[in-house]
Amino acid sequence: MTRTFDRRTILKTGLGVSAGLAVSGRVSRGLAQSPVKLTMAVWGGKAELDAYNQVITKYQAVHPNVSIRLDVLPSGQFYQQIDTKLAGRQAPDLFRATYQQVGRYAMSKAAVDLSQYIDPNYGAAFTPAVWSAVTYQGKPYALPHHTDTFALFYNADLLDKAGVAVPTSLDQAWTWDQFTKVARLLKEKSIGSYPFAMGWSANAVHRWMIFLYQHGGRLLSEDLKSPQGGSPALVETIAWTQSWFKDGLVPPSTSLKTAEPTQNLFANGTIPMMLNGNWQIPFVDQQAKFKWGVTYLPRDVAMADDMGGTCMAVSRDSKNPDIAADFLKFLVNEENMREYVSSAQFLPVRTSLVGSGLRFPLRSDEMKVFIEQTKTIPEHLVGTVIMPTWGKFASKLTDELDLAFTSGQSPEQTAKNIEAHVKGILLSA
Amino acid sequence: MMVTTSPERRRLETIGLWLLLAAGAVVMIFPIYWMFVTAIRPRDEIFSGSVNLMPTGWVWKNFADALHHMPFLTWAGNSLVIAVVAVVITVSLNLLCGYAFAKFRFAGRDILFIGIISALMIPIQVIIVPLFLVVSDLGLLNSYWGVILPRAAEAFGIFMVRQFMVSIPDELLEAARLDGASELTIFLKVVLPLSKPIIAVLIIFTFMWRWNDFVLPLVILTDQDMYTVQVGMNLLKGQYNTEWTDLMAVALLSLTPMLVIFVFFQRQLIQGIAGTGLK
Amino acid sequence: MADLSMISLRERDETITSRISGWWRSSRSRLTPYIFIAPNLLLFSVFVFFPLLYAAYISVHQWSLIDTPEFVGAQNYTRLLTDGQFWQSLKNTVVFSAATVPTSLILGLMLAIGLNRHMAARTLLRSIYFLPVVVSSVATAIIAAWLFNDNYGVINAVLKQVGVGRVAWLSTPQWALPSIILTTLWVRSGFCMVVYLAALQSISPSYYEAAVIDGASRPQQFRYVTWPLLRPTTFLLLILNVIYSFQVFDLIYVMTGGGPGFSTTMIVQYIYRAAFANSEMGYASAMGMVLFVLVLLFTVIQWRINRRTEQFV
Numbered sequence: 001m002t003r004t005f006d007r008r009t010i011l012k013t014g015l016g017v018s019a020g021l022a023v024s025g026r027v028s029r030g031l032a033q034s035p036v037k038l039t040m041a042v043w044g045g046k047a048e049l050d051a052y053n054q055v056i057t058k059y060q061a062v063h064p065n066v067s068i069r070l071d072v073l074p075s076g077q078f079y080q081q082i083d084t085k086l087a088g089r090q091a092p093d094l095f096r097a098t099y100q101q102v103g104r105y106a107m108s109k110a111a112v113d114l115s116q117y118i119d120p121n122y123g124a125a126f127t128p129a130v131w132s133a134v135t136y137q138g139k140p141y142a143l144p145h146h147t148d149t150f151a152l153f154y155n156a157d158l159l160d161k162a163g164v165a166v167p168t169s170l171d172q173a174w175t176w177d178q179f180t181k182v183a184r185l186l187k188e189k190s191i192g193s194y195p196f197a198m199g200w201s202a203n204a205v206h207r208w209m210i211f212l213y214q215h216g217g218r219l220l221s222e223d224l225k226s227p228q229g230g231s232p233a234l235v236e237t238i239a240w241t242q243s244w245f246k247d248g249l250v251p252p253s254t255s256l257k258t259a260e261p262t263q264n265l266f267a268n269g270t271i272p273m274m275l276n277g278n279w280q281i282p283f284v285d286q287q288a289k290f291k292w293g294v295t296y297l298p299r300d301v302a303m304a305d306d307m308g309g310t311c312m313a314v315s316r317d318s319k320n321p322d323i324a325a326d327f328l329k330f331l332v333n334e335e336n337m338r339e340y341v342s343s344a345q346f347l348p349v350r351t352s353l354v355g356s357g358l359r360f361p362l363r364s365d366e367m368k369v370f371i372e373q374t375k376t377i378p379e380h381l382v383g384t385v386i387m388p389t390w391g392k393f394a395s396k397l398t399d400e401l402d403l404a405f406t407s408g409q410s411p412e413q414t415a416k417n418i419e420a421h422v423k424g425i426l427l428s429a
Numbered sequence: 001m002m003v004t005t006s007p008e009r010r011r012l013e014t015i016g017l018w019l020l021l022a023a024g025a026v027v028m029i030f031p032i033y034w035m036f037v038t039a040i041r042p043r044d045e046i047f048s049g050s051v052n053l054m055p056t057g058w059v060w061k062n063f064a065d066a067l068h069h070m071p072f073l074t075w076a077g078n079s080l081v082i083a084v085v086a087v088v089i090t091v092s093l094n095l096l097c098g099y100a101f102a103k104f105r106f107a108g109r110d111i112l113f114i115g116i117i118s119a120l121m122i123p124i125q126v127i128i129v130p131l132f133l134v135v136s137d138l139g140l141l142n143s144y145w146g147v148i149l150p151r152a153a154e155a156f157g158i159f160m161v162r163q164f165m166v167s168i169p170d171e172l173l174e175a176a177r178l179d180g181a182s183e184l185t186i187f188l189k190v191v192l193p194l195s196k197p198i199i200a201v202l203i204i205f206t207f208m209w210r211w212n213d214f215v216l217p218l219v220i221l222t223d224q225d226m227y228t229v230q231v232g233m234n235l236l237k238g239q240y241n242t243e244w245t246d247l248m249a250v251a252l253l254s255l256t257p258m259l260v261i262f263v264f265f266q267r268q269l270i271q272g273i274a275g276t277g278l279k
Numbered sequence: 001m002a003d004l005s006m007i008s009l010r011e012r013d014e015t016i017t018s019r020i021s022g023w024w025r026s027s028r029s030r031l032t033p034y035i036f037i038a039p040n041l042l043l044f045s046v047f048v049f050f051p052l053l054y055a056a057y058i059s060v061h062q063w064s065l066i067d068t069p070e071f072v073g074a075q076n077y078t079r080l081l082t083d084g085q086f087w088q089s090l091k092n093t094v095v096f097s098a099a100t101v102p103t104s105l106i107l108g109l110m111l112a113i114g115l116n117r118h119m120a121a122r123t124l125l126r127s128i129y130f131l132p133v134v135v136s137s138v139a140t141a142i143i144a145a146w147l148f149n150d151n152y153g154v155i156n157a158v159l160k161q162v163g164v165g166r167v168a169w170l171s172t173p174q175w176a177l178p179s180i181i182l183t184t185l186w187v188r189s190g191f192c193m194v195v196y197l198a199a200l201q202s203i204s205p206s207y208y209e210a211a212v213i214d215g216a217s218r219p220q221q222f223r224y225v226t227w228p229l230l231r232p233t234t235f236l237l238l239i240l241n242v243i244y245s246f247q248v249f250d251l252i253y254v255m256t257g258g259g260p261g262f263s264t265t266m267i268v269q270y271i272y273r274a275a276f277a278n279s280e281m282g283y284a285s286a287m288g289m290v291l292f293v294l295v296l297l298f299t300v301i302q303w304r305i306n307r308r309t310e311q312f313v
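If you read the sequences in order, they're chains A, B and C.
Be aware that the first sequence starts at 1, since it is given in UniProt numbering, and climbs by one per residue.
Be aware that the second sequence starts at 1, since it is given in UniProt numbering, and climbs by one per residue.
Be aware that the third sequence starts at 1, since it is given in UniProt numbering, and climbs by one per residue.
Next comes chain A alone, as it looks inside the complex:
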């Protein structure tokens, strides 16, 4: 029983004021050469914004009739802003989204189906994981722009002091046991205030899934259609990550809700090790006054890592979706993608670039660790976190895990609650 909101009618009849006279509706665009204004909403640090602006300048040089405005929104309120503007039919022409969020916009058709603007095999040029993330019911609703992933940053000076050697290749990555042993050793020797921290603050709960998959667990069945239930892996993973907090292996402020940036703690020597993403390299490089490096994530029965990164979508409110789509294709073409990811320290999502030995301005060796680590991203994990219902589910997952980490909710109870949310929310579409 679906009803549509006819807001303008309510406004007019409800108030008797001529408030509803706003210009709206899709105006036909006229000639391709007539001036066109586009807006693109993004969040980001200076390097990213510079890189966006560079592409915009290049595009405007080729298409003098198009002017593109970059709207920079605070990352904390980004989706709130986009959603509110979509509700008011005032969304920017283009908007940035993570792969975990884009499904939501695709499902409700808030983003434009791009298949009419691209060749049928356009997607073949991208890595399968990201292409599947922007695809909903066989149609692409955004174009992948870049990715990023997690690895283990370490303070070489402090680890030397503790006599710890780090793995030098992926197949030597520490097991959970080895990793915990290192952490306990650091704790015993009081090296740093806490041994390590995980960069999942400010609701990046999908990164907790890394550990679930490393431990052989999953939330959904193989075909992603029913809950996985019954395996002890969920409870055990919660218990393990909870033990970090219980045993004082991580600072209490690095749970999921408090927005403590772990990179600050790493840079000032509070923690000798930090699990975080490649985009932290410029900050650490600038702030750390010690020798540091990056090694592989720990592993358990399996290896696993997170698929981060963002894509760009054309909103349903765009009056010039064809031009917006044209710019979008320009933004993610091989040359521009190469320049963007190398200058902002991200990883590419075009297969032609992935294997081509990109050059990065900072720490190319460390970037190689991240690139290698992308091979361990489980397809099933990607399939789970890109579901359109993920965003809604993630907020509940954050609640439950935060209760376990900070307020002593038992792993069994936490797992039970999470499983209920899997049934009630994640699989509700």
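Note that these hints are calculated values from the structure, not bench results.
Hints may contain errors.
Derived Cβ-Cβ restraints for the label pairs, each shown as a range [to be verified]: (1) Phe30(B) / Pro64(A): 50 to 60 Å; (2) Ser143(B) / Leu53(C): 21 to 31 Å; (3) Val94(C) / Met54(B): 41 to 51 Å; (4) Met54(B) / Ala162(A): 53 to 63 Å; (5) Ser428(A) / Pro42(B): 46 to 56 Å.
Remember, predicted model here, so these are calculated numbers, not experimental data.
Note that CB positions come from ideal geometry on N, CA and C, so glycine has one too.
Using the hints provided, position chains B and C relative to the given structure of chain A.
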């Protein structure tokens, strides 16, 4: 028995009290002081967690850098325009409305008063989406008016004006009426001159609230060139790696207009509140 | 016939005009208040009342903001009754109010009495105590998060220095709310001070002279002169502070994000989360309506009490 305090004892008491108040004042001002110390610290000492309460460096350049990194002056200009226009509109409306509630008996007065006051007490987060839709339908998105008009009706102001004007003697108004003055003339020539103290209070508070507004400008203003200081500050805070020196420098600068206003108008503020009949 | 009807029409016109002007003359005073409140009422209707009605309309729908709303009847309201987290956040709000409102009133009153005396640097001291009031909530939250930071905040640095050791201020359920309460007191006590100060200055010295002649001690003077005369002020401050406590948002959003667990999730926080993090605009609006009814009840009750204390005409 007469209770008298010897002047000596009273002086000692005052000194003790003064020391206590001064100590409290140190605690109160410490956060602001700490902002300042953070703002002029060398960038790489920010996270040192050091206990050094004195400035570890006097990097005035941080202020220049902060202004260079972001269009603070543009944001401050926007905030200023919004706050000043809002003060003019809001204070005028408050005075008119509060006067009516204080000095007239009319059908539905109490219902209207309760309705207005309680609806205005609703946190803006509760109605922000419908409000956005209205502002958007009126074509006021990304404009100063979109931020000014929705907050022009202000419960606190109506309430204060009403309290203040209740104490204006009715005889004064009646006398003017008998002289044949129109209602508007009475308001402008009799009521307003008596209301100077409360007008000062309203100006100060309205300016402060509009200057500090955050939630509404955040959704209404989309273009970065239209941002207010508060929204801009939040933008700085929201980035992956908050530039704390920049942030503290900007936060400190954002306080200055309010500080200047308070230091200069402190007396009027207190007198004005004293006049609201809250004896 | 035609002429006749013309005449009667003209006559009717004239009578209407005269009637209107007569009505205007007779009811000028009756209309005046409405004209005075009209501009306010117009803005209020468009920007507060209509959005509120609209929120009521949304509250009987399921809507994620970006999809098509679906009518669900009273479902959002029935769900509210069994949502433990909603009640928890309402309880948190009450606890927060109970902890901040009386305390900031008492602090404000003590400061006002102290700073009402003649002493050195009085204006400077008053200004310092009022200073936090002018700091925006965004800036307050930023500075508070910076001071209370577990790992590099100056409070812990000092505590460590004096041998107390670090306290996880914002990340343990038992300390997070107290940290926010302390920050709130920092802001609110100065405001209460200024209002109390104004009230104290309007108390005529003759009351005290009379009390002294009657042999009243200082505590007695306070008990029988100052306190009763300050009652309306206390009442106003009580109301303003309760409103403030029910609206607290930015501070918590920046300092703790509502965590750890739900220990600092207030009602507005929870509504905001429902609307934007959980994409449940309908449910969020239903909670908003409940909050509105609570505020309305509160206003009516205090209006009644106010009437009884004869503060209003």
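Structure-based check of all given hints:
{"no.": "1", "hint": "Phe30(B) / Pro64(A): 50 to 60 Å", "in the structure": "holds (56 Å)"}
{"no.": "2", "hint": "Ser143(B) / Leu53(C): 21 to 31 Å", "in the structure": "holds (24 Å)"}
{"no.": "3", "hint": "Val94(C) / Met54(B): 41 to 51 Å", "in the structure": "holds (42 Å)"}
{"no.": "4", "hint": "Met54(B) / Ala162(A): 53 to 63 Å", "in the structure": "violated (34 Å)"}
{"no.": "5", "hint": "Ser428(A) / Pro42(B): 46 to 56 Å", "in the structure": "holds (52 Å)"}
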